[in-house]
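J.: Sequence:
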Amino acid sequence: MFQGGCRAMSKGVSVGTVVASFLEACDVRTAFGVISIHNMPILDAIGSRNRLRFVPTRGEAGAVNMADAYARVSGRLGVAITSTGTAAGNAAGALVEAQTAGTPLLHITGQIDSPHLDRGKGFIHEARDQLTMLKAVSKAAFRISSAEAACSTLRRAAKIALTAPTGPVSIEIPIDIQGALAVGSVDLVPDLVDIQEPAEGALDRLAEELGGARRPLLWLGGGARGAAAAVARLVEIGFGVVTSTQGRGILPETDPMSLGAFTMHRPVEDFYQTCDAVLVVGSHLRSNETLKYGLKLPRPLYQVDVEPGAKDRAYPCDAFLQGDAHLVLSGLADRLEGRINVDPGFAADLSAARGAAENMVEAGLGPYVRIADGIRAAAGHDTIWVRDVTILNSSWGNRAPSLTDPRHGVHAVGGGIGQGLPMAIGASLAAEGQPTLALLGDGGLQLCLGELATAVQEQIDLVIVVMNSRGYGVIKNIQDAHFGGRHYYTDLLTPDFSQICHAIGMKHDRLESLERVEESLGGALNSKGPRMVEIDMAAIGDFAQPFAGPAVRIAERVGV
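Heads up, the sequence shown is in our numbering, so the first residue is 1244 and it goes up one at a time.
Hints are supplied without guarantee of correctness; some may be wrong.
[What the hints assert, rightly or not] Listed next, the in silico SDA-like pairs over lysine to any residue satisfying Cα-Cα at most 25 Å (straight line):
1) Lys1554 <-> Ile1438
2) Lys1402 <-> Lys1535
3) Lys1535 <-> Pro1793
4) Lys1402 <-> Ala1471
5) Lys1535 <-> Thr1396
6) Lys1554 <-> Thr1406
7) Lys1750 <-> Glu1701
8) Lys1402 <-> Val1432
9) Lys1554 <-> Gly1658
10) Lys1378 <-> Thr1396
11) Lys1750 <-> Gln1677
Hints are computed from structural coordinates only; laboratory data are not their basis.
Please read all numbers here as calculations on a predicted model, not as lab measurements.
Please model the complete structure; the sequences and the hints are all you need to start from.
T.: So this is what it looks like as C-alpha cells:
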C-alpha cells in the first residue's frame, strides 16, 4: 500500500507541501477535487511537484464519488480535496455513500483563517460547526490547528481510514496553516494499519461447530473482499457461497459453488432451508438484500466481523467471532481441511437454485433481456462494471453479469441516485486499461450532468449506457403499486443527450430499437475516450414485470 513518495522532509516547506508529499508516501496516484481560495496552497504543491494526478471535477460531490470508486477498484487510498463551508457541505452526501460502503478515503478540506475560526463573524466560506458535520458523515474527522501537528494528524487519519472497518476520514486545514512552514524535519512514513487477530480458542470452537456440517454456506459481504484466497480454500473443502451486492466477485461468480448475489429469490430461500449452517462474514445483511430482515436464513447462523457491535445487528447469531476476515477464514480452512463430509447432492442443488433465480430475473426483463445480453456479450469478465440506481440495475445489473473479481463491481451501496457517473470516472482511472462500463438512468445522470465534461477533459476511457425513460421509473412503479397510480413529481424535462454530447465532444449513439444493441455496445467498448449509448425506453417498451422498489416479505417477492 505505501510505496511511493519520499519518506522525510526537511524544515522550511509549507504544510501544503507536507500534504502533497504525504499523499505520495501513501502511494496515492490520483486525487480529485475543486480548486478554491481555501485549498490553493495544497493544490499548488500538488501541481508544482507533479507526482500525482489531480482531476478537476465540476462539483465536490462528484470528487468524493470519484475518489470512492477509485479506492474500491485500485485498492489504494482514495483522496478528495474540497474547499470549506458550502463546498464541504456539497461533499457530505458522497461521504455518506463512502461511509456506507466502507471505502478508505481521505477528504481534505480547507477552512477559514484560524484567527476568525468559530467566531460566527460571517467570514467568506465559513460554516458553523463544520467539524461536527464532517464527523457525522465520516468515520472520523480532524482539524489541523498548527503546522507542527500536520503530519501526525495526516498519519493518524490515513491509519483510521485504512483500518477495518475501513471508511472515509475528513481533515480540515485552515488556509493560514496550509501556507505555514513546517518546523523541524517531517516524518512522512505512514503508520502501519492494525489487523484484528482472531482468538485461537474461538477459531477452534467455531471450527468444531462447522466440522459436522454437510451443507455449509458462506454469506460474504464487503468486509470479506480481502479474503478471496481463504474463501477459495473453503469452497474447495465443500462450502457454497452467496454474497451481498458489495461482496460480489470474492469468489468468481462463474464458480459452480457460487449463488452470486441472488440472495432473496424464492428458489434460493428454499435452498437455504436445506443448508445446515451459514457463516456470515463482513456483511450488514442489509434490508434490501434480506426482504427487510424477513429472509429465512439457515440455522445455525455464525457471524464473523471486525466490529464487535456487528454481533446480532440484523439477525441473531448462534456464535460470533471477532477478527479480520482473511485471518478467520484461513484459520478455519486450516482446521476444517479433510474434516467436512459434504452431501454429494449439495453442489447440484445450489446450481439449480441459482439457475432458477436467474431465470426469474430474466423473465421479468421483457424486451430488455436483449439489452442485458448485449451488455454481457460486449463487456466480458474483465470489464469494470459501475451501476447507478435504475430499474435495469435494481432488477438485473446488481446481480448479473458475472463478476470474477471483487474490484470489478462498483455500485451505490446506500441507494442514492446520481452517483454512477462520477463513480465510473474514478473507477476508469483506477482500472489502468481495463474497459469500464457504467449503466445509468436519465434521472440520476441529470444530478451530475456536469461531470460529463470532466470525463471529456480527462479523456476517460468509459462507456456510459443511459436508460432513458424521461422520468423516475422506479418511483412511478411504486406509485402504481401503492398510491393508486397517481404519478406526482416523477416526469422530468429530459435534455437531448445527443446535443449535450455534441457540445462537449463526446461520442453518442441513441438506440430506438433492439436491432443494433450488440453492434453499438461492442463498438463503444472498443473505442477510446468517453462515449454514450442512450437507450430510448419509450420506443422500446415496458419491462415484463414492473420493479417497484426493494422486495419485502409481504410482497411475496414479486419483482425480485
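J.: It remains to establish, for every hint, whether it holds in the given structure.
T.: Here is how each hint holds up against the structure:
Using a Cα cut-off of 25 Å, the hinted pair Lys1554 and Ile1438 holds, with the two alpha carbons roughly 19 Å apart. Proposed proximity of Lys1402 and Lys1535 is contradicted: the alpha carbons are some 34 Å apart, above 25 Å. Restraint check for Lys1535 and Pro1793: the C-alpha separation of about 8 Å stays at or below 25 Å, so the hint holds. Pair hint Lys1402 plus Ala1471 holds up; C-alpha atoms about 23 Å apart against a cutoff of 25 Å.
With a C-alpha separation of about 40 Å, the suggested pair Lys1535 and Thr1396 falls outside the 25 Å cut-off, and the hint is violated. The hinted pair formed by Lys1554 and Thr1406 meets the criterion: a straight-line CA distance of about 19 Å does not exceed 25 Å. Under the criterion of a C-alpha separation no larger than 25 Å, the hint pairing Lys1750 with Glu1701 is consistent with the structure, at around 15 Å. With a C-alpha separation of about 11 Å, the suggested pairing of Lys1402 with Val1432 holds against the 25 Å cut-off.
Proximity of Lys1554 to Gly1658 is assessed by CA-CA distance (about 24 Å); at most 25 Å being required, the pair is judged to hold. About 15 Å separates the Cα atoms of Lys1378 and Thr1396, which keeps this hinted pair within 25 Å; it holds. About 19 Å separates the Cα atoms of Lys1750 and Gln1677, which keeps this hinted pair within 25 Å; it holds.
Checked against the numbered hints listed earlier, the structure breaks hints 2 and 5; every other hint is satisfied.
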